[in-house]
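Undergrad: Given the structure of chain A, go ahead and fit chain B onto it with the hints provided.
Spelled out, the chains give:
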Amino acid sequence: MKQNMTHSLCAIGLGAALLSSAALAEAPAKTTKPVRPIDPEVMSQEEAVLTQAPNVPPPIKRKHSAKVIVHLEVKEVTKRLADGVDYTFWTFGGDVPGSFIRIRVGDDVEFHLNNAPDSKLPHNIDLHAVTGPGGGATSTFTAPGHSSQFSFKALNPGLYVYHCATAPVGMHVANGMYGLILVEPEGGLPPVDHEYYVMQGEFYTAANFGVEGLQPFDMNKAIDERPAYVVFNGAVGSLVGDKALTAQVGETVRLFVGNGGPNLTSSFHVIGEIFDNVYQEGGTSINQHNVQSTLIPAGGSAIVEFKTDVPGTFILVDHALFRAFNKGCLGMLKVSGPPDLLVYSGKEVDAIYLGSAAEAGSDSEKKVAVLKAQMASELKGNPKIAGLTREIQVEKGKSVYMQTCFVCHQPTGLGVPGQIPPLAESDFLIKNKEDAIRAVVIGRTGETVVNGKTYKGTMIPLAYLTDDQIANVLTYVRNSWGNAGDAVSAADVAKIRAEAAAPAATAAPAPGKFE
Amino acid sequence: MSAPRQKIRLIVLALLTGAAVQAAEPDMARVSNGIFRPLFRSQTDLKEEPVKSFRLDAVPVTNEKFLEFVRANPRWQRSRVKRIFTDDNYLKHWASDLDPGTNAHPDQPVVWVSWFAAKAFAQWQGKRLPTLAEWEWAAAASPTLADGSRDAAFQRDIFRWYSTPSPVVLPDVASGPSNFWGVRDLHGLVWEWVSDFNSATVTGDARGDTGLDRQLFCGAGAIGARDPGNFPAFMRYGFRSSLKAAYTVHNLGFRCAKDL
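Line by line, the protein sequences are chains A and B.
Under our numbering, the first residue of the first sequence is numbered 1, with each subsequent residue one higher.
Under our numbering, the first residue of the second sequence is numbered 1, with each subsequent residue one higher.
Looking at chain A on its own, in the form it has when it is part of the complex (with noise of 0.2 Å):
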């Protein structure tokens, strides 16, 4: 009742007298609650800005305390752990982590929980920026389709976890029930250029890391605390590509880190960086400068800041690092600018070094060789082994396809008319082999014909790719869609690739890194 009046009278700064005379008359038509005195620190009422990970609501500007509503849905989703891999997250807004939410110190929150209608169980909210009886979870029980609301005051600032305490609570947040609050101290945090959201937590599926499919909730794993996945933001590579962090050279950066667990203890580090200051576990105060890895346990949280002062890719992860290499626990923050070679060279000298190890051509190695290049033969002269090759070959193809080549041909290699030309039923692909594997290796421009229709658009060239991976994915193309051509080799492309690191092969875009 006290939300849908103060919802009419929105206006700022209203008198407490007449917020409580307000109450009073409308009374409760369905529960009687204890009366809770009206804050005498409260100036206005607002509605809280939530986000979702990376983003963090912008600084609180007021110097004085509000009552800030907060709206949180909890939903029971279906989405992508990693690339073929499906989860069923419990989440706080739809995505994990949960809803940054920000507020300031003195602060009076009304918090509201709604339990979506279709969810299979109740939850509830624990923040650890509530002093009171289960940080809320008491008070916000919520059966599905059922909404509740408590109210608190923000007594102490800092960055706060909070999670579901639904039993068994060790489920509920190992499915992503977790998110951060922020409790600003009076005048704020100082201002930075950017202000992003990570948080860490890891997954216990049935299957391994990488096994595709919908994978279901494994207890024993969580039990022993032995995770499939442990990840940053709720999905392997939701920090990486295109989704990276950005920066400018020069500018400065605060990551408001969180750790969900349900088990495990993060050792954050970022590559090639160097925490210019630390609030430690989430507190207020910078209690350590040029910090490399900084400890984050499970519930909790840390502030890290610094400033660019180099272009380059930045890798965030958990230095446990078989959790970042085999697990998932990877980010990126692209910092992009002039480089300052005082700072970092980059690649001064790249040599042959041979130390002490023997020269190549022991008697070993020779009758390795030989052995090999019998084999090779012997793969070579068997048909049905060779046939196999290929189908290695299209089997291969198709994930470099799939992680290079769509965006522009279509996953069904179908083109863009008018613009890119068709890959399937190519008369183009068929005919021109050797031109097929230059337009990859060294791009293309000009016209292309492809079945009657010309096409003027400029290719990239993918050269970064291995010889392996442009051999596989070219067999690839030429056997899908309706074509039938032979395997590219890779002796192929490199025959092509020697041909334009040659000077003055081709007047084709350069070879060479593409990025």
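Note that these hints are calculated values from the structure, not bench results.
Accuracy of the hints is not assured; some may be wrong.
The calculated DSSO-like cross-link candidates involving lysine-lysine, where the alpha carbons are at most 30 Å apart (straight line), are [what the hints assert, rightly or not]: (1) Lys398/A <-> Lys79/A; (2) Lys307/A <-> Lys63/A; (3) Lys153/A <-> Lys244/B; (4) Lys47/B <-> Lys75/A; (5) Lys92/B <-> Lys119/B; (6) Lys396/A <-> Lys243/A; (7) Lys456/A <-> Lys495/A; (8) Lys258/B <-> Lys75/A; (9) Lys495/A <-> Lys372/A; (10) Lys334/A <-> Lys61/A; (11) Lys380/A <-> Lys433/A; (12) Lys79/A <-> Lys92/B.
A few chain A residues that face chain B, going by a derived Cβ cut-off under 10 Å, partial list only [claimed, not checked]: (13) Pro117; (14) Leu121; (15) Thr142; (16) Ala167.
Since we're looking at a predicted model, the values are computed, not measured.
Using N, Cα and C, we set each Cβ at its ideal position, and we do this for glycine too.
TA: Positioned in the frame of chain A, the structure of chain B alone reads:
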């Protein structure tokens, strides 16, 4: 055909054919004596609670059965029901008072019903709601064992259902296998009301003024729990204790029980 009339006819039939008296309730299964071990208990609660033999509906109550009930009891029709007995979503998936419509097939379990409505239905049938102890004892049975707690495949299937979102269209009743007692769908279809659904939260414990409900939260949820690894039981207790008697939920139905 109303349920009592059907019952009388069947009793006559049973007498005529000399069949056992058990056949008098063709849609009910007999669940024999057993021991229920509560997931939560205080120091003063019994460690084990005996359950006397009883009868339990073999399947949850369906839309078709519930339609018979509201026909015979107009005060439980959607537009007439008293609001203290149900929340605003009572039978919300039905087309109208006496027409379940296309969103509620006759053989699907009825959902969006409050505890009060379930209790009234049971009384109208001359039955009652099962107690929490009875329900848990009957539901502990796997297809082959009265105590399915050691049947790993059975436990895994239960757990899978608990952690999967509800389907958009609920399956019909009796889509699951029959358990040791001949009861179906105790797991895998809908949550079910029991007569004392809120007993886990109203039982005090030995730690003074801390209510037991709080112990269902966070790590404290494991205090007083018999088996902290029994996640399905936690989820059932959690679900039940989130309810109030007037609540209705999209995946919450019920079935009836009866003394022998």
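Undergrad: Between the alpha carbons of Lys307/A and Lys63/A, is the straight-line distance 30 Å or under?
TA: holds, 27 Å
Undergrad: With a cut-off of 10 Å on the beta carbons, see whether Ala167/A makes it to chain B.
TA: Since chain B brings a Cβ to about 4 Å from Ala167/A, closer than 10 Å, the hint holds.
Undergrad: Taken at face value, is the distance from the CA of Lys92/B to the CA of Lys79/A at most 30 Å?
TA: OK: Lys79/A and Lys92/B at ~29 Å, within 30 Å.
Undergrad: With the threshold set at 30 Å, check whether the alpha-carbon distance from Lys92/B to Lys119/B stays at or below it.
TA: Judged against 30 Å, a Cα distance of about 19 Å means the pair holds.
Undergrad: Holds or violated: is there a CB of chain B closer than 10 Å to the CB of Pro117/A?
TA: Holds - the Cβ of Pro117/A comes within 10 Å of chain B, reaching about 6 Å at its closest.
Undergrad: Within 30 Å, alpha carbon to alpha carbon, are Lys153/A and Lys244/B?
TA: holds, 28 Å
Undergrad: Checking hints one by one. Is Leu121/A an interface residue toward chain B, by the C-beta closer than 10 Å rule?
TA: holds, 6 Å
Undergrad: Given the hint that Lys495/A pairs with Lys372/A, test it: the Cα-Cα distance must not exceed 30 Å.
TA: Given that 30 Å is the threshold and the Cα spacing comes to 21 Å, the pair holds.
Undergrad: Taken at face value, is the distance from the CA of Lys433/A to the CA of Lys380/A at most 30 Å?
TA: holds, 20 Å
Undergrad: Need the status of pair Lys396/A, Lys243/A: alpha-carbon distance at most 30 Å?
TA: holds, 26 Å
Undergrad: If you draw a straight line from the CA of Lys334/A to the CA of Lys61/A, is it 30 Å or shorter?
TA: holds, 29 Å
Undergrad: For the pair we were handed, Lys398/A and Lys79/A, check the Cα-Cα distance against 30 Å.
TA: Roughly 23 Å between the alpha carbons, so the hint for Lys398/A and Lys79/A holds.
Hints 4, 8 from the list above are not met by this structure, while the remaining hints are.
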